[in-house]
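Protein sequences appear in the order of chains A and B. Converting from the first sequence to this note's numbering requires adding 1 to each position, the first position being numbered 1. Converting from the second sequence to this note's numbering requires adding 391 to each position, the first position being numbered 1.
Keep in mind the hints are simulated off the structure, nothing from the lab. C-beta: ideal position from N, C-alpha, C; glycine also. There could be a bad hint or two in this list.
Residues on chain B that point at chain A, a partial pick, calculated with CB under 8 Å [as the list claims (entries may be wrong)]:
| # | residue |
| --- | --- |
| 1 | 410 |
| 2 | 411 |
| 3 | 422 |
| 4 | 455 |
| 5 | 481 |
| 6 | 495 |
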Amino acid sequence: QKEVEQDPGPLSVPEGAIVSLNCTYSNSAFQYFMWYRQYSRKGPELLMYTYSSGNKEDGRFTAQVDKSSKYISLFIRDSQPSDSATYLCAMREAGNNRKLIWGLGTSLAVNP
Amino acid sequence: DVKVTQSSRYLVKRTGEKVFLECVQDMDHENMFWYRQDPGLGLRLIYFSYDVKMKEKGDIPEGYSVSREKKERFSLILESASTNQTSMYLCASSTGLKTQYFGPGTRLTVL
């Protein structure tokens with residue numbers, strides 16, 4: 002079993018829809034959780050960064066962490082065609098471990 | 392803004408060639424990383440470095456080596472390129488335990 006599981010999709014939604022992207026993990030030591038967005042033929046860019054449990058909101062994006070269920074989510078409200086990309090979750094243990102553990106990424110297409 | 396640059400966007404090499412991929416960051420980050428990304432396999436860490444002349448193996452170091460002679464520059468070396476090293480190579484940097492910033496990637500094809 003992989004440490005981080007993420008459904009690769011593809012996910013196809015109409016413009017304006019609410020999108021929910023999810024990752025599950027098995028390592029209870031993970032404390033830092035990230036979402037990256039990767040456009041085709043580009044490097045990933047950080048979208049959201051959260052520590053421990055709870056919600057974080059940034060514009061149309063909301064990140065949620067449920068440590069009791071070992072489950073993280075990224076919600077995109079009022080989705081736009083420019084949101085079409087691959088979304089990768091990543092997480093890290095507390096302490097000095099610099100290594101990130103990555104999900105495989107979910108491919109999202111927002112159709113006008 | 393953090394800027395991470397990679398020496399080439401696209402590279403085509405022949406089997407057995409020695410290949411150098413270079414990465415430069417301009418934010419004085421002490422940590423630098425090399426990943427490869429393949430469909431269905433995601434991002435896999437090859438090597439990382441947390442200081443000049445320091446390096447640590449990632450999950451798939453076989454067939455690769457690295458060099459970090461200056462803080463801003465981290466090189467990935469394929470000693471003898473093989474077709475199974477055809478991939479997208481991504482460099483990233485970070486400071487402390489903070490998040491990683493990625494370069495645009497190098498798409499390497501080994502024929």
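Here is how each hint holds up against the structure:
1. 410: violated, 19 Å
2. 411: violated, 19 Å
3. 422: Because about 6 Å separates residue 422 of chain B from the closest Cβ in chain A, which is inside the 8 Å limit, the hint holds.
4. 455: violated, 16 Å
5. 481: holds, 5 Å
6. 495: Hint holds; residue 495 of chain B Cβ to chain A Cβ min 5 Å, cut 8 Å.
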